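Peer 1: Going down the list, the protein sequences come from chains A and B. Going by numbering that gives the first Met the number 0, the first residue of the first sequence is number 0, and it counts up by one from there. Going by numbering that gives the first Met the number 0, the first residue of the second sequence is number 0, and it counts up by one from there.
No lab work stands behind these hints, which were simulated from the structure alone. Hints should not be assumed to be uniformly reliable.
Beta-carbon label-pair distances, calculated as ranges [stated by the list, open to error]:
1. A/Q23 / B/A224: 51 to 59 angstroms
2. B/E46 / A/G138: 38 to 46 angstroms
3. A/A129 / B/N142: 42 to 50 angstroms
4. B/S21 / A/L167: 35 to 43 angstroms
Pulled from the structure, derived: some chain B residues nowhere near chain A, Cβ distances all over 12 angstroms [claimed, not checked]:
5. G17
6. E27
7. L33
8. A55
9. E61
10. D68
11. Q77
12. A135
13. A137
14. H140
15. K144
16. N179
17. M184
Since this is a predicted model, take the numbers as computed values, not measurements. Every residue gets a Cβ at the ideal spot worked out from N, C-alpha and C, and that includes glycine.
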Amino acid sequence: MSVLKEIATSLEKGEHLRVRELTQEAISAGIPATEILDDGLLAGMAVVGELFRRHEIFLPDVLLAARAMYAGLDLLEPLLKAAKAPSRGKVVLGTVRGDQHDIGKNLVGIMLEGAGYEVLDLGIDVTPQAFVDTAEREGAAVIGLSALLTTTMGVMGEVTELLRERGLEGSVRTLVGGAPVTAEFARRIGADAFGFDAADAVVQVQALLENGC
Amino acid sequence: MRRVLDLRLEELLPTPSGLLASRGLPAEDRFLDLAERARSEIRALGEPRGVREELAREEFVEVYRGEGDNDPHTPLDQVVPRADRLALFAVTLGNAVSEAVTTRFSDRDLALGWMLDAAASLAADTAADVMAADFAAACRHGNEKPVVLPYSPGYCGWAVSGQRRLFARLQPVEVGITLNASCVMQPLKSVSGVLVAGPVEAHLFDNEFDCCASCTTRECEARVAQLGGTR
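All chains should be modelled from the sequences, with the hints used to inform the complete structure.
Peer 2: Written out as structure tokens, the structure reads:
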């Protein structure tokens, strides 16, 4: 089995120490960092993501695999930066102002990174201005907004409104999600997409960036 | 009357199987191991404390009005007039537990961080139930013990901004809980709100408010079912 295939297989099993060891082995063998990332780490995460979407594994299994992915990614990051390897796209992520629930948002961030996107996680209790300022400054293509409370989900509408005010609604897309959020709510506030869970959020971001819809 | 409680951590910890069931996970070894590790961390780090202060209905109505951001019609509008007694409360697991969740995620120990967060959330909710039980005991008259249920800002149409008046009145800083400018509590694993004491009927309402339309938990239905009531 090639070392890249072995990285992917070990990642699927959540063997983070083994993935780190194999990634170092691949680097030492002179395999380009982008190749290790795409054909090793991200290939493994793609399998894990698909199994999760099909409800064949559980969320902690995904998180164990993600830990293994990061174990390899930590070694690759300096090399990827040095090679100026482009990411698939930049996503600004956060839980909206007044809301402290971050687990769902964290899961979306992990799944997006596992799919090769660059994630700028602003944390919890994020103001609309902070979302929009960061997206504009960093040239992000998507803002991902999370809320768990019915009483804070309205802040998502403030973000879409602010994007409109600044003339950014075409260049910065919005994805909303969280327990009380629905596709109908997303339409009502003018969000571009709704993700019903972390796996779906990745699909939605892919659609926004690749198909321009 | 004001009362500060030091809660017993063991009383708050979810069982491993209960924790897994709450997250839809099967009781398999790898998940049970994570659940046990999460419980151990909370056992080592938790410092649960709570405070409650009884207040008159008129006083609570002022607190509840908050900054005028509540939904026009809410369950508490129906429940409070039927209540016998009311008390504001806040309870926390302490800062170390919340920090441990953050640390686990930043250390990339994601599965344990997630399980720890889930266990801590359940423990904080149980702490609110313990505060309710303690208030129920205090309200007992002879053999008659009222039903006490907690309600919190952020839920059931009670705006998060309502935390400001609640905190101004209750001053939960005494047990280590503070509020930031956006009304988010520190430590994060804290619960605040009002304890409503009254007969079973006082707690029944039709869940057809505006806030109910977007509510996905429908926890009120389980709470009423536990009381033996029907809608």
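Peer 1: Identify every previously stated hint that the structure contradicts and give their numbers, smallest first.
Peer 2: Hints 3, 6, 7, 10, 16 and 17 are the ones this structure does not satisfy, whereas the remaining hints hold.
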